[in-house]
Amino acid sequence: MKLFSILFLILPVLTGTVNAGEWSGSVVLQGQLFNHSPLFQNQPGNNLSLSISPEYYQGWQNDAHSLTIEPFFRLDANDPERTHFDLREFIYSVNRDTWVFSVGVGKVFWGVTEAQHLVDVINQTDLVESLDAEDKLGQPMLHLSLIRDWGTSEFFILPGFRERTFPGEKARLRTSPYIDSSQSQYSSRNGDKHVDYAFRYSHTKGNWDYGFSWFYGTNRDPGFTGGTDNNGQPVLIPVYSLMHQVGLDVQLVSGNWLWKLEAIHRRANGSNYNATTSGFEYTWVGILGSSYDLGLITEYLYDSRGNLAPTLFNKDILLGTRFVFNDTASSEVLLGVVIDPDQHEYLYLIEASTRLNDNWKLNVEARIFSGLNPSSPIYDLRNDDFLQIEFQYYF
Amino acid sequence: MPRILLTLLLLLTSAVALAQTPEERGLEIAKEADKRDTGWGDQKSSTRMVLHNRHGQTSIRKMHNRSLEVIGDGDKSIIIFDQPRDVKGTAFLSFSHAVKPDDQWLYLPALKRVKRISSNNKSGPFMGSEFAYEDLSSQEVAKYTYKFLKNDTLDGRDVFVIERFPAYKHSGYKRQIAYVDKKMYQPLKVIFFDRKNALYKTLYFKKYHQYLNHYWRANTMQMVNHQSGKSTELIWESISFKNGFNDADFNRNSLKRAR
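Chains as they are written, first to last, in my numbering: chain C, 1 to 395; chain E, 1 to 259.
If we strip away everything but chain E, and leave its shape as in the complex, we get (with noise of 0.2 angstroms):
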C-alpha cells in the first residue's frame, strides 16, 4: 500500500514538473538570477569604453560610475565622465525602472545646469557605442516575460537557454536570447534581435570574478553590432562593494557635486 501511495506520489510531482510550462520554468530562473544577485547593497566602479568602428579604428572613453540597489525597482546610478576632454566632469544620474521610462538628469559643468532628460531613450546609444541605455541599466525581472528554450553548452559550460521579450514598449528590442551559466545565473552571451525581428546585435560577458564570496560580475562586456560591423569593449578597471552609499547620494544635490 505505502509503495503505491509512493508510485502515485512520484507519478504526480513528476506530472508537476511536466506541467510546468517554458514560460514559468524561464521565469523561474530569471527570478533565481535576480534572488542571488540581492543584497550587494552599493558600487563603485571606474570603466574604460573602446570603440570600434569598421574600418578597425578605435577611441576610448572612461568614466567612473556609483549605484545603489534599490530593492523592488531599478538601481539609482550616477556616471561622471572622464574622457574624452570635452565631457570631463559631465556627470548623469538615473533612476532606473523595469516597465516605466527611467528618470534622468544630466550635469552640464561649464553652465552648472542640471537638465531633466526626457526619458523614453532608453534605445539610445549611450556615448556614441553599441551598447543602449537599457543594455546598461539594472537587470530587473519585470524588464522582461521569458521563455524557456533548452539546456545547452558554451565553450564548455552548463547553460540555459532563455528567450525573453522587453515589456517596455519603446525597447530597441523585439527579443533577447540569453545564454545563462548555471552556476554563476549570469549570462555568458545574449543575443539581441531589432524590433523588426532581425539579428542586431551580440553581447559577451568575460573574465567574471566573484566579489564578497557571493556577486558574479564581469570584468569585461563585449558588444557586436552585426548590422552596422561595429563593436564596444566595456572594461571595468575597479570595482568597490559596501562604499556606504545612501539615497542622498543620487539626487539633483549630489550630482552637481559629483567628481
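Okay, chain C solo, but in the shape it has when bound (with noise of 0.2 angstroms):
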C-alpha cells in the first residue's frame, strides 16, 4: 500500500493537471430505541452513536484518471465493537472505452435481488452498522474490466481479507454467547493473507440484465466454534474457510414488472449447497391517478441446507410494499415482511425517509420480531425489537 500511496502523491505532479478534488459526505446522528429490557447481562436500554463518511473525489484528463477517498468512522455510544474505522475506498482507476483498471481499497457491487445478497461476495459485510448487511467494508483490489459489445468481463485479485464486524458484549442485537472476533480462525494455512480471485461476466440485452461470476477464496460468510473471552466468559469464535462459489443473477424489465433471480453453488469445508432468492418487484406508477408510486415486492429466498443454514433466510418469503410520494422532499416508506411459513416466525420492517432541506435528511427505521422459536439463529434478538432515528447532515 506504500507504494500505491507514494503513486498517488506524485500524480498530479506527473499529469501536470492539478485542479483542486471535491469533498462532500455526511454526518449522521442516529438513535436506537428499544422497547424491551435488554436478555443479557451489560446489554444497554437505549443507544446513540454519531458517524462521519466524508468522500474526496479527484479526477485528471477529464476523468481518464480518477482517485477516491472515502473514510468512514462512527462513534457509539455503548458498544466499543461498533466503535469503529473503516477506509471504505482509496482506488486509483485508469478509465477508458473499452476498460476499466483500478487499484486500491474499493467497494463492488453485484446482484439484483433486495431481501439478500448471495452472488455479492467482494466486500466484508460491516454487520455493526446494520442487520441488514447492506454495509459493506473496503475490500484491497486489483480489478479489471474488459468492456465490449458482447459484455463486460471484470477480473479481480484480492489481497487481504477483511474480518465481519460483530457487535460486542455490551451491544443490542447480539447473540448469546457473544461472537468475540478478536479471536478469528482460518482454515487456510495463510490465515489472513490468502489471495482470493474473482471473475464476473455481465450483459445487457434489450430487457434482460444478466451476470455470471467465479470466486475463490476465503468465504466472507463464517461459521463458528465455541471458546472463552479473556474474562473466562463463553464466547462464540468466528471460523473463517476457503470456498469455490459460482453465482448467476437474472434480470428481465418488462412494463410494470422486474423479475429477479439469484442463484450461488457454493463448496465450503467439503460439503456443497445451493441458495437462490427470486421474485419480482411491481411498481404502480401514479396510483389512483395521484403522483405516488407504489411498489409490490415479493422474493423467495431458499438454501438448500434446509433449517441448518446459518441464515435467517433457508425458505422464506420477502413481502414488501414501496410508497414513492414523488414530492420535494423525496419521501419514501418501506414496509416489508420476513416470513417463515414453516416456523411461523415474522420479521417485520419499516424504513422510511424524508429531505428535511436542502442539507438535512431524516431517516427512520423499525424492526420487530415475531414469534421466534429456540431454534432460529436470531431468537437471541427475540427481545431487540427497535425504533432507529437518524439525522443525517450532507455537506
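Think of the hints as simulated: they come from the structure by calculation, not from any bench.
Please read these numbers as outputs of a predicted model, since none were measured by experiment.
Fair warning: there could be bad hints in the mix.
[To be verified] When the alpha-carbon atoms are kept at most 30 angstroms apart in a straight line, the in silico DSS-like pairs for lysine-lysine are as follows: (1) E:Lys44 with E:Lys31; (2) E:Lys147 with C:Lys205; (3) E:Lys256 with C:Lys205; (4) E:Lys147 with E:Lys31.
[What the hints assert, rightly or not] Covered, in the sense of this in silico footprint (three residues per stretch, anywhere, with C-beta under 8 angstroms from a C-beta of chain C), are these stretches of chain E: (5) 30 to 38; (6) 133 to 140.
Idealized CB from N, CA, C, for every residue including glycine.
Combine both chains into one complex, guided by the hints.
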C-alpha cells in the first residue's frame, strides 16, 4: 500500500493538471430505541451513535484517471466494537471506453434482489452498522474490467481479507454468548493473507440484464466455534474457511414488472450447497390518478441446507410495499415482512426517509421480531425490537 | 392551349393542397421540425431546476446531463444529480423510445449499485418537479399522432397550432396543443390535458438560442401545473455540442463512473 500512496502523491504532478478535488459526504446522528429491556448482562437500554463519511474525489484528464478516498468512522455510546474506523474506498482508476483498471481499496456490488445479496461476495459485511448487511467494508483489490459489445468481463485479485464486524458484549442485537472477533480462526494455512480471485461476466441485452460470477477464496460468511474470552466468559469464535462459489443473477424488465433471480452454488469445508433468491418487483406509477408510486416486492429465499443453514433465510418469503411520494422532499416508505412459513416466524421492517432541507435528511427504521423459536439463529434478538431515528447532514 | 393546361395544372395542385387533411399537415410540420433538429450529434449541459409550490416556497435542484443523438430512435442520456446534497452522485441512464417503454437504470453511489427501473413511469414526476419524464425525453415524430388546427400568432411570432395525441399508451396525457414557431420550427408553448381531458399543465419555452448556426435550444422551460398551483423552471446554465460522445459513454459501466 505504501507504494500506491506514493503514486497517488506524485500523480497530479506527473499529469501536470492539478485542480482541486471535490469533498462531499455526510454526518449522521443515530438514536436506537428498544422497546423491551435487554435479555443479557451488559446490554444497554437505548443507544446513541454518531458517524461520519467524507468522500474525496479527484479526476485528471477529463476523469480518464481518478482517485476516490472515502474514510468512515462511527462513535457508539455503548459498544466499543461498533465504534470503528474503515477505509471504504481509497482507489485509483484508469478509465477508458473499452477497459477500466482500478487499484486500491474499493467497493463492488453484484446482484439484483432486495432481501439478501447471495452473489455479492467481493466485500465483507460491516454487520455492526446494520442487521440488513447492506453496509460493506473496503476490500483491497486489483480490478480490471474489459468492456465489449458482447458484455463486460471483470477480473479481480483480492489480497488481504477483511473480517466481518460483529456487535460486542455491550451491544443489543447480538447473540449470546457474544461473538469475539478478536480470536478469529482460519482454515487456510495463510490465515487472513490468502489471496482471493474472482471473475464476473455481465451483459445487458434488450430487456435482460444478466451476470455470471466465479469466486475462489476466503468465505466472507464465517462458521462459529465455542471458546472463552479473557474473563473466562463463553464466546463464539468466527472460523473462516476457503470456498468456491459460482453465481448467476438475472433480471428481466417487462412493463411495470421486474423479475429477478440470484442463484449460487457454494463449496466450502468439503460440503456443497445451493441457494437462491427469486421474485419480482411490481411498480404502479401514479396510483389512482395521484402522483404517488406504489411498489410491491415479493421474493422467495431458498437454501438447500434447510434449517441447518446459519442464516435467517432458508425457506422464507419477503413481502414488501414501497410508497414513493414523488414530492419535493423525496419521501419514501418501505414496509416489509420476512416470513418463515414452517416456523411461523415473522420479521417486520419499516424504512422511511424524507428530506428536511437542502442539507438535512431524516431516516427512520424499525424492526420487530415476532414468534421467534429457540431454534432460530436470531432467537437471541427476541427482545430487541427497535426504532431507529437518524438525522443526516450532507456537506 | 398551353394556358388551359397551366390553369388545369394550377387547379389540380390547389386541389391536392386542399386535399391535405389536418392530420397530414400536422405530421408534415412535425417531420419538418424533426428534420431541422437532426444531426446535432451529442450535447452536454448543466441545468438548474427551481420548484415553486403553492405558497411561494422554492427548492433548487442542480444536475448535469449528457446526451447522444440516436437517429431513428429516442436519444440516450445520462443525468448526474448535484443538488440536493443527499442525491449528489446519483446518476440516471435512459435510452428513450417513442412508443415502447424507455430503458432506464439508476446508479446509487452509496451502495455502488446499478438498479434497473421498470420503465412504464414516463408519466411520473421527475425529481418531485412538475415535469414528467416524458416531457424531458427526446421528441420523436412517432411519439404522437398530429392534427393541424390553425395558423396564429403568439407574442408577435407566427406559429402553427397543432394538436398532438401521445402514441405511448401509458402517457399521462390525453392530448397536447403545441404552438410551434414558424421560423425555428420549435415550440413556444405546449398545453397539456390529462387523461380525463382536463386542462393540466402549460409549458413555456423561453430565451431560444441557436447553436452550431443551426439548432435552436430554449434556455428556460417553465412548466405551470394548473391543477396543483405549482410550477417548475428548468434553466440551462451551460450547453455544449461536439463533445465526441459515443455509445460507450452511455452504458452501465460508464454510468458507474459518471461524474
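Evaluation of the provided hints:
| no. | hint | result |
| --- | --- | --- |
| 1 | E:Lys44 with E:Lys31 | holds (25 angstroms) |
| 2 | E:Lys147 with C:Lys205 | violated (37 angstroms) |
| 3 | E:Lys256 with C:Lys205 | holds (18 angstroms) |
| 4 | E:Lys147 with E:Lys31 | holds (13 angstroms) |
| 5 | 30 to 38 | violated (count 0) |
| 6 | 133 to 140 | violated (count 0) |
The structure shown violates the earlier hints numbered 2, 5, 6.
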